[in-house]
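K.L.:
full-length UniProt numbering numbers the first residue of the sequence shown as 1 and each following residue consecutively.
Treat the hints with care, as some may be off.
[Claimed, not checked] Straight-line C-alpha distance at most 30 angstroms; calculated DSBU-like pairs for lysine-lysine:
{"#": "1", "residue 1": "K113", "residue 2": "K217"}
{"#": "2", "residue 1": "K217", "residue 2": "K115"}
{"#": "3", "residue 1": "K230", "residue 2": "K249"}
{"#": "4", "residue 1": "K288", "residue 2": "K314"}
{"#": "5", "residue 1": "K181", "residue 2": "K113"}
{"#": "6", "residue 1": "K316", "residue 2": "K288"}
{"#": "7", "residue 1": "K113", "residue 2": "K230"}
{"#": "8", "residue 1": "K292", "residue 2": "K314"}
{"#": "9", "residue 1": "K107", "residue 2": "K230"}
{"#": "10", "residue 1": "K158", "residue 2": "K107"}
{"#": "11", "residue 1": "K168", "residue 2": "K113"}
{"#": "12", "residue 1": "K40", "residue 2": "K168"}
{"#": "13", "residue 1": "K179", "residue 2": "K10"}
{"#": "14", "residue 1": "K18", "residue 2": "K40"}
{"#": "15", "residue 1": "K274", "residue 2": "K215"}
{"#": "16", "residue 1": "K274", "residue 2": "K104"}
{"#": "17", "residue 1": "K265", "residue 2": "K217"}
{"#": "18", "residue 1": "K104", "residue 2": "K330"}
{"#": "19", "residue 1": "K168", "residue 2": "K104"}
{"#": "20", "residue 1": "K314", "residue 2": "K10"}
{"#": "21", "residue 1": "K181", "residue 2": "K107"}
{"#": "22", "residue 1": "K215", "residue 2": "K113"}
{"#": "23", "residue 1": "K316", "residue 2": "K292"}
{"#": "24", "residue 1": "K217", "residue 2": "K249"}
{"#": "25", "residue 1": "K274", "residue 2": "K249"}
{"#": "26", "residue 1": "K292", "residue 2": "K104"}
{"#": "27", "residue 1": "K217", "residue 2": "K230"}
{"#": "28", "residue 1": "K107", "residue 2": "K10"}
{"#": "29", "residue 1": "K10", "residue 2": "K316"}
{"#": "30", "residue 1": "K181", "residue 2": "K168"}
{"#": "31", "residue 1": "K158", "residue 2": "K40"}
{"#": "32", "residue 1": "K158", "residue 2": "K179"}
{"#": "33", "residue 1": "K230", "residue 2": "K330"}
{"#": "34", "residue 1": "K40", "residue 2": "K107"}
{"#": "35", "residue 1": "K217", "residue 2": "K104"}
{"#": "36", "residue 1": "K115", "residue 2": "K168"}
{"#": "37", "residue 1": "K217", "residue 2": "K181"}
{"#": "38", "residue 1": "K288", "residue 2": "K249"}
{"#": "39", "residue 1": "K230", "residue 2": "K288"}
Derived by calculation from the structure, the hints in this document are not laboratory data.
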Amino acid sequence: MLKSKTFVRKTRSGGVMKIVREHYLRDDIWCGSEVCAECKQESTVLQRDACIESNLCSYPHYVIPDTNVVLHQIDVLEDPVIRNVIILQTVLQEVRHRSAPVYKRLKDMIHEKEKFFYAFTNEHHRETFIEREPGESANDRNDRAIRVAAQWYSQHLKTSESDADGLKVVLLTNDQGNKQKAEESGLLVYADIIVHRLLAVAIAADSTYPDLMDKQKQSALANNLNYRHKMSQYAQRASVAFHTQLFFKSRGILNEEGFVLFVRKNAIIVLIPKFGLEGTVFFDAKDKAGPKLVFDEEGPTLNVEQHTFRIFDKVKVTISLDASNIQHQKIRMSLIDPVIPGVSVPAPEVEPQAKKPKLDH
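Work out the full structure: start from the sequences and follow the hints.
P.N.:
Printed below as a string of structure tokens:
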């Protein structure tokens, strides 16, 4: 089944471009459960005996977490006791856009056979795909897509075999509005059931494996998680800086237009829309006398000699890679326009880039 969406977009040159996006829907996407007799699946992921010792859910169940639960409880999801989890394509895409480190950890869990995590392509399934309604936000549409997929799983697994085992589908969310709408549609919903399980263990209202209650092992685990989180943040920042420097290394000095994002006491922060790059133009220097600077915090504005900089002002700057210190390379910006005597630099001559030779077929 093919769905298409057509819309028009205005180009930079002022023209109008017609865009058609095609979306294919299928009816042969597996549910991934061992108890299912309808799907003609070659292999399954979700177990028939999906039981975890818990007073909250004493019956066999599959868990469907929403995006916020995955983003905020990824450490708990990695616990070996958490198994038979359905990760919807909607959730996977949202996590990928919002946090690359969490997305990688989630993908690793899906590929780990002992976890029994199943990725369900709900955005391409004929019975679970939904279109965005007029006036509906993207976040509300995704929440509704998660509820529709959870409801489909509940109906789909209502076979004589699964009913005999008491197998149910539990939607896990920490959004009160999403929880209320899910309950109105007849779904079984818990707000952060995973966290509640650990709290129940802490007050002796539930049971789990011994290592989870060992203080020294929990302390070591928490320290390790904090260390990994901090190192992942460092790696992410270093990766962005490295690839930015690599991009500008072979391009010499560039001349680009930008906009003032922030005003500081001795500098302006400039955004270059062409590259999505933010940089700082400093107006004071250690080796020479600087211009007269007057900063107004209420504005905020910065007077440099006779010129006043405000937020969203259009400027023109040079962009270059300062490789004087090989271990601490950095991107430098200098002001071209507006022209301020003793501050602005002349515009560099930009040589046209040579066209790449065509390959012979």
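K.L.:
Now tell me, hint by hint, if it's right for this structure.
P.N.:
Taking the hints in turn, this is what the structure says about them:
The straight-line distance between the Cα atoms of K113 and K217 is roughly 25 angstroms, inside the 30 angstroms bound, and the hint therefore holds. About 21 angstroms separates the Cα atoms of K217 and K115, which keeps this hinted pair within 30 angstroms; it holds. Only pairs whose Cα atoms come within 30 angstroms are accepted, and K230 paired with K249 is accepted, the gap being roughly 28 angstroms. Our distance criterion of 30 angstroms between C-alpha atoms is met by K288 and K314, whose separation comes to about 27 angstroms.
Straight-line distance between C-alpha atoms of K181 and K113 comes to about 33 angstroms, which puts the hinted pair past the 30 angstroms bound. In summary, the hint linking K316 to K288 is supported, as the alpha carbons are separated by about 23 angstroms, within the 30 angstroms threshold. In summary, the hint linking K113 to K230 is supported, as the alpha carbons are separated by about 28 angstroms, within the 30 angstroms threshold. Note on K292 and K314: the hinted pairing holds, with a Cα-Cα distance of about 21 angstroms set against a maximum of 30 angstroms.
The hinted pair formed by K107 and K230 meets the criterion: a straight-line CA distance of about 20 angstroms does not exceed 30 angstroms. A threshold of 30 angstroms between alpha carbons decides the hint, and for K158 with K107 the separation of about 29 angstroms falls inside it, so the pair holds. The suggested pairing of K168 with K113 holds, with an alpha-carbon distance near 22 angstroms, which does not exceed 30 angstroms. The hinted pair formed by K40 and K168 meets the criterion: a straight-line CA distance of about 21 angstroms does not exceed 30 angstroms.
This hinted pair does not check out: K179 and K10 have alpha carbons roughly 40 angstroms apart, beyond 30 angstroms. At most 30 angstroms may separate the alpha-carbon atoms for a hinted pair to count; K18 and K40 exceed this at roughly 40 angstroms. At most 30 angstroms may separate the alpha-carbon atoms for a hinted pair to count; K274 and K215 exceed this at roughly 52 angstroms. Only pairs whose Cα atoms come within 30 angstroms are accepted, and K274 paired with K104 is accepted, the gap being roughly 28 angstroms.
For the hint pairing K265 with K217, the CA-to-CA distance comes to about 49 angstroms; that exceeds 30 angstroms, so the pair is violated. Restraint check for K104 and K330: the C-alpha separation of about 28 angstroms stays at or below 30 angstroms, so the hint holds. Restraint check for K168 and K104: satisfied, since their Cα atoms lie roughly 28 angstroms apart, inside the 30 angstroms limit. For the suggested pair K314 and K10, the alpha carbons sit about 22 angstroms apart, so the restraint of at most 30 angstroms is met.
Between the alpha carbons of K181 and K107 the distance comes to roughly 29 angstroms, so the proposed pair stays at or under 30 angstroms and holds. For the proposed pair K215 and K113, the alpha carbon gap of about 29 angstroms is at most 30 angstroms, so the pair holds. For the suggested pair K316 and K292, the alpha carbons sit about 21 angstroms apart, so the restraint of at most 30 angstroms is met. As the CA atoms of K217 and K249 are separated by approximately 47 angstroms, the hinted pair breaks the 30 angstroms bound.
With a CA separation close to 17 angstroms, the supplied pair K274 and K249 stays within the 30 angstroms bound. Among the hinted pairs, K292 with K104 is inconsistent with the structure: their alpha-carbon atoms are about 50 angstroms apart, more than 30 angstroms. Annotation: proposed proximity of K217 to K230 holds, straight-line Cα distance about 20 angstroms (limit 30 angstroms). As the CA atoms of K107 and K10 are separated by approximately 37 angstroms, the hinted pair breaks the 30 angstroms bound.
Annotation: proposed proximity of K10 to K316 holds, straight-line Cα distance about 25 angstroms (limit 30 angstroms). Taking the CA atoms of K181 and K168, the gap is about 18 angstroms. The hint holds against a cut of 30 angstroms. Distance check on the hinted pair: K158 and K40 sit about 17 angstroms apart at the alpha-carbon level, within 30 angstroms; holds. Taking the CA atoms of K158 and K179, the gap is near 22 angstroms; set against the 30 angstroms cutoff, the hint holds.
At roughly 23 angstroms between alpha-carbon atoms, K230 and K330 fall within 30 angstroms of each other, so this suggested pair holds. Taking the CA atoms of K40 and K107, the gap is about 25 angstroms. The hint holds against a cut of 30 angstroms. Distance restraint check for K217 and K104: the Cα-Cα separation of roughly 25 angstroms lies within the 30 angstroms cut-off, and the hinted pair is therefore satisfied. As the CA atoms of K115 and K168 are separated by approximately 18 angstroms, the hinted pair is consistent with the 30 angstroms bound.
A distance of roughly 40 angstroms separates the Cα atoms of K217 and K181; the hinted pair therefore is violated under the 30 angstroms criterion. Of the supplied pair hints, the one linking K288 and K249 holds, its CA atoms being roughly 28 angstroms apart against a limit of 30 angstroms. Proposed proximity of K230 and K288 is contradicted: the alpha carbons are some 39 angstroms apart, above 30 angstroms.
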